[in-house]
Every structure is written in C-alpha cells, then in structure tokens.
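Q: Sequence:
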Amino acid sequence: MSTAFYTKLTAAGVNAMTRAVMNNEPISITEMAVGDGGGNNINPDGMQGLVNEVYRAPLNRLVIADLDRNVIRAEMLMMPQVGGWWLREAALFDDRGICLAVANLPPSYKPLLEQGAGRMSTVNIYITVNNIADVQLITDPAIILATITEVDKAKGEAKDYADEIVGNLDRNIQQVIADAITTAKRDFWEDDNPVGTTRFFNQNLNPNERWPWSQWVYTGENKTIRVGKADGSDIGQTGGSDTVTIERANLPAVQIDVSGETSEQPEQKLKTTRGGVHSHGGVAGKDDPWEIGGDVRQLFNPKELGVTDEAGEHEHEVTVPEHKHTTSGKTANLGEGKSFSVVEAHTLLMCWSRIA
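In the UniProt record's numbering, the protein residues as written are 1 to 356.
Keep in mind that a hint or two might mislead.
Unchecked claim - DEER-style ranges, computed between Cβ atoms:
id: 1; residue 1: 22; residue 2: 173; range: 54 to 62 Å
id: 2; residue 1: 272; residue 2: 328; range: 48 to 56 Å
id: 3; residue 1: 173; residue 2: 109; range: 50 to 58 Å
id: 4; residue 1: 128; residue 2: 173; range: 45 to 53 Å
id: 5; residue 1: 252; residue 2: 347; range: 43 to 51 Å
id: 6; residue 1: 235; residue 2: 350; range: 44 to 52 Å
id: 7; residue 1: 255; residue 2: 350; range: 46 to 54 Å
id: 8; residue 1: 155; residue 2: 212; range: 20 to 28 Å
id: 9; residue 1: 109; residue 2: 22; range: 38 to 46 Å
id: 10; residue 1: 350; residue 2: 157; range: 19 to 27 Å
Hint data in this document are derived by calculation from the structure and do not stem from the laboratory. Quick reminder that beta carbons are idealized off the backbone N, C-alpha and C, glycines included.
Take these sequences, add in the hints, and give me the full structure.
A: Written out as structure tokens, the structure reads:
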C-alpha cells in the first residue's frame with residue numbers, strides 16, 4: 001500500500017543536507033508555512049515551494065520522533081484567531097527563508113474564531129535524515145507552546161511519576177517505620193526477657209521457634225519451682241522427690257507405754273480326777289513288838305517300819321481365789337513400709353529458661 005501523505009526535500013533542501021554532512025554544520029530549520037494548494041490536492045514530488053501559502057509561523061518545536069530511524073518532527077501551532085482557509089500543503093524553511101521540504105496534508109478546514117468554530121490546530125511534518133546531528137533541533141522550552149493534549153499528557157505523566165515517587169516514598173517510609181517498630185519491639189522484648197529469664201506457657205510453645213534470635217532450654221518435666229538463695233549460689237540445682245518412705249528415724253522421738261490386764265475371774269472350786277490309790281510308809285508296823293499303844297509313848301525299832309492302811313480311790317477339791325494377771329508384749333507391724341505420694345493438687349505448665 002502506497003503512502004498517501006508524505007514529505008519530500010526540495011532541491012535546496014537536498015543541497016542543504018549535503019552541505020551539512022560535508023561541512024559538519026547542522027541545518028537550522030526555523031519556520032513552517034501552510035497553503036490551500038490552490039484548491040487542489042498537491043503532489044510534493046519535484047515541488048520547490050507551496051502552491052498557495054496562506055499562513056507561516058515559527059516552529060513550536062523540532063524534536064527527535066524516532067531515534068532508531070533518524071526521524072525528526074517539526075511542529076507548528078495555529079491559534080484560534082487565524083484561519084478561514086483549507087489546509088492541503090505545508091513546507092519547512094531555514095533561517096534564511098529557503099524552502100527545504102514540502103508535504104501534502106489531508107484536506108482540513110481551519111475556521112476563524114468569529115466563524116464560531118475556532119480551534120487551535122497543530123501541523124506536524126516528519127522528515128527522515130541520514131544523521132539527526134545534521135539538523136539543529138528546537139528544544140528550548142522558552143519558545144515551545146504545548147497543546148492541551150500535550151499538557152494533559154504531560155500532566156498525566158507527571159501525576160503518574162509523582163504517584164510512583166510518592167508510592168515509593170510511602171512504601172519506603174512505611175518500611176522505615178516498620179523497621180523502626182520492629183527494632184523498638186525487639187529492644188522492648190530484650191528488656192523484658194534478659195538472659196536468665198524463666199517463662200511459663202499454658203500451651204505447647206517453643207520460644208526457640210517463636211523468638212529465633214534467642215536460645216532457651218526446657219527446665220525439666222514434672223518439676224516444682226522452689227525459691228533459691230538470695231545470693232544465687234544454688235540457682236539451677238535440683239532435688240527432692242514426689243514420693244516418700246517414712247523410716248523409724250522419721251517417727252516422733254517419744255516412747256509408747258503398753259499395759260493391760262486380763263478380765264477378773266470369779267472364785268471357783270476345782271476337783272481333781274479320781275485315782276491315786278496309795279499308802280504311806282515310815283510308820284511302825286502292826287506287828288511291831290515295840291508297839292505299846294495307848295497313851296504310853298515308846299520308841300519303836302526303826303528297823304521294823306510298816307505302812308499305813310491303803311487309801312482307796314479318791315478326789316481332791318482345790319479352791320482358786322479371785323484373781324487377775326498383768327500382761328506385756330509387742331504389737332504386730334503397723335504397716336508395710338510402702339512409699340506414698342506427696343504431690344499436691346496442681347496445674348501443669350511449660351517452663352523455659354533463656355540461656356542466650
């Protein structure tokens with residue numbers, strides 16, 4: 001597809017570009033003019049100027065449009081106060097008024113303000129050169145007018161840039177504040193948890209994971225905390241037991257008196273069993289010739305002793321008076337010597353001590 005609208009250098013423009021390359025002196029493009037083409041669309045090929053110039057003004061800017069392709073853009077502004085003609089052609093001029101390039105434009109009408117449709121118009125001509133350095137660019141902001149679109153674009157870009165800067169600044173400030181808060185919290189935490197601190201937790205919490213910059217040890221399972229010496233000489237020592245066996249030495253140093261008596265027994269008579277047939281010897285025999293008898297006492301011959309008459313079976317009666325007996329002795333073992341627990345009612349917690 002061929003290009004309908006384009007820009008061509010005039011013969012003077014070609015010569016100027018050649019001199020710029022040869023002499024290393026950039027061309028000074030300063031003005032642009034527009035025309036109505038005499039009422040017809042024009043063909044820039046071979047043209048050395050405009051068919052019918054209707055307006056000329058200094059360039060608003062001459063800047064790089066495409067650095068990679070060496071394209072420059074020339075821009076002219078037409079205020080709302082000028083107009084009343086068609087735009088079909090445009091040309092660029094150097095500081096001596098020589099026409100360097102001609103371009104055909106899409107036909108458009110530039111109204112006057114008093115016609116009720118005044119507007120600011122912008123005409124841009126793009127030129128491809130061998131070297132951008134051969135053209136003196138117009139970039140002085142003191143002589144450049146910006147269109148509303150450009151102002152809005154610049155304002156939008158500035159706002160985006162400002163938002164980005166403010167956003168970055170806000171993020172940076174937030175980060176600084178967060179870092180400061182983190183540092184302050186860490187300092188406060190260090191003040192509240194110096195090395196040697198012991199803490200209780202009512203849940204399964206490992207302070208080495210919760211506060212990884214510190215080091216903690218578990219104080220031991222099933223231990224009761226007891227206050228140590230004020231000088232700290234016994235800190236960390238362990239002792240005691242949850243069970244106890246009472247020895248004799250642990251009993252009170254007292255004596256126990258044991259005394260008692262049997263129940264009182266009433267008087268009773270006891271009889272022996274029958275039996276005991278017997279006789280007694282050592283008496284004078286019946287046939288002892290020395291026996292006189294009566295009330296005459298006479299010695300008898302001890303060689304002729306006899307025996308008493310035999311006593312038959314008989315029983316004896318024995319009287320036992322009222323009485324009682326005192327007793328003494330040892331009791332049976334009081335117990336089995338088993339240990340017993342001395343653990344009081346309690347609540348179990350986790351206990352950690354900081355060592356670093």
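Q: All hints, please: hold or fail.
A: We went through each hint and held it up to the structure:
Distance hint check for residue 22 and residue 173: the Cβ-Cβ separation is about 58 Å, which falls inside the suggested range of 54 to 62 Å. In this structure the supplied range 48 to 56 Å is violated for residue 272 paired with residue 328, their Cβ-Cβ distance being about 32 Å. A hinted range of 50 to 58 Å for the beta carbons of residue 173 and residue 109 is consistent with their spacing of about 54 Å. Take residue 128 and residue 173: their Cβ atoms lie about 48 Å apart, and the range 45 to 53 Å holds.
Roughly 34 Å separates the CB atoms of residue 252 and residue 347, a value that falls outside the hinted 43 to 51 Å. A C-beta distance of roughly 20 Å is found between residue 235 and residue 350, which places it outside the suggested range of 44 to 52 Å. Between residue 255 and residue 350, the C-beta spacing of about 50 Å keeps the proposed range 46 to 54 Å intact. With their beta carbons about 50 Å apart, residue 155 and residue 212 fall outside the hinted range of 20 to 28 Å.
Remark: the range hint 38 to 46 Å for residue 109 to residue 22 is upheld by a beta-carbon distance near 43 Å. For the pair residue 350 and residue 157, the beta carbons lie near 60 Å from each other, so the given range of 19 to 27 Å is not met.
Of the hints listed earlier, those the structure fails to meet are numbers 2, 5, 6, 8 and 10, in rising order.
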